[in-house]
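So the sequence shown is numbered by this note's numbering: it starts at 2 and just counts up by one.
Any given hint could turn out to be false.
Said to hold, decoys possible - Between beta-carbon pairs, the in silico distance windows are:
#1 A27 <-> Y80: 30 to 40 Å
#2 L128 <-> E30: 12 to 22 Å
#3 E124 <-> D101: 34 to 44 Å
#4 T100 <-> L128: 12 to 22 Å
#5 N105 <-> I126: 25 to 35 Å
#6 Q31 <-> D119: 37 to 47 Å
#7 A133 <-> G66: 35 to 45 Å
No lab work stands behind these hints, which were simulated from the structure alone.
A quick note: this is a predicted structure, and the numbers were derived from the prediction, not measured.
Just so it is clear, CB atoms sit at the ideal spot from N, CA and C, and this is done for glycine as well.
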Amino acid sequence: MNKLDARRLTGINVIWHAPGAIVDVALDEQDDATQICAVWQSNVRSLLEAVGWSHHKTTHHRFVGGLALAISAPIDALYAAVEIAEWAWDVTEQTMAGTDTGKNLESSAEHFRQMIRDEQNPELIRLAEDAARHQV
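Sequences are here, hints too, so could you generate the full structure?
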């Protein structure tokens, strides 16, 4: 198994009608997709709770030869969301390999909380809300 790509979802997409982040992963025949999804879900949920995003959604989509692992996120914090999804994947990959992740949840969470604070853009949120209200 290996990470193919990680990117922002800036709006309506094949996963859902919300902004967020996605990590695409290639799987080998021997990889247990169900277990990998469960481990990633646990890792990403722990980090989402630690950064104050417990209300955001997570999901996965299986495709031939791999998985797409996604989280929803505020439109003004998508770079942080990609980093969070990738962090969860890195920990998942190391867990599945039976190696020590070396990643501390709390210090990682503080790093991501700062990223979120730096990226937040209240004006962008107001603009998006106004556009939705006017159906544009």
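Right, here's what the structure says about each hint:
1. Distance hint for A27 and Y80: a CB-CB separation of about 24 Å, inconsistent with the stated range 30 to 40 Å.
2. Evaluation of the 12 to 22 Å hint for L128 and E30 yields a failure: the beta carbon distance comes to about 47 Å.
3. The hinted range of 34 to 44 Å is satisfied by E124 and D101, whose Cβ atoms lie roughly 43 Å apart.
4. Roughly 44 Å separates the CB atoms of T100 and L128, a value that falls outside the hinted 12 to 22 Å.
5. N105 and I126 have their C-beta atoms about 31 Å apart, which keeps the hinted 25 to 35 Å range intact.
6. A hinted range of 37 to 47 Å for the beta carbons of Q31 and D119 is consistent with their spacing of about 41 Å.
7. At about 36 Å, the CB distance of A133 to G66 agrees with the hint of 35 to 45 Å.
Of the numbered hints listed earlier, those contradicted by the structure are 1, 2, 4.
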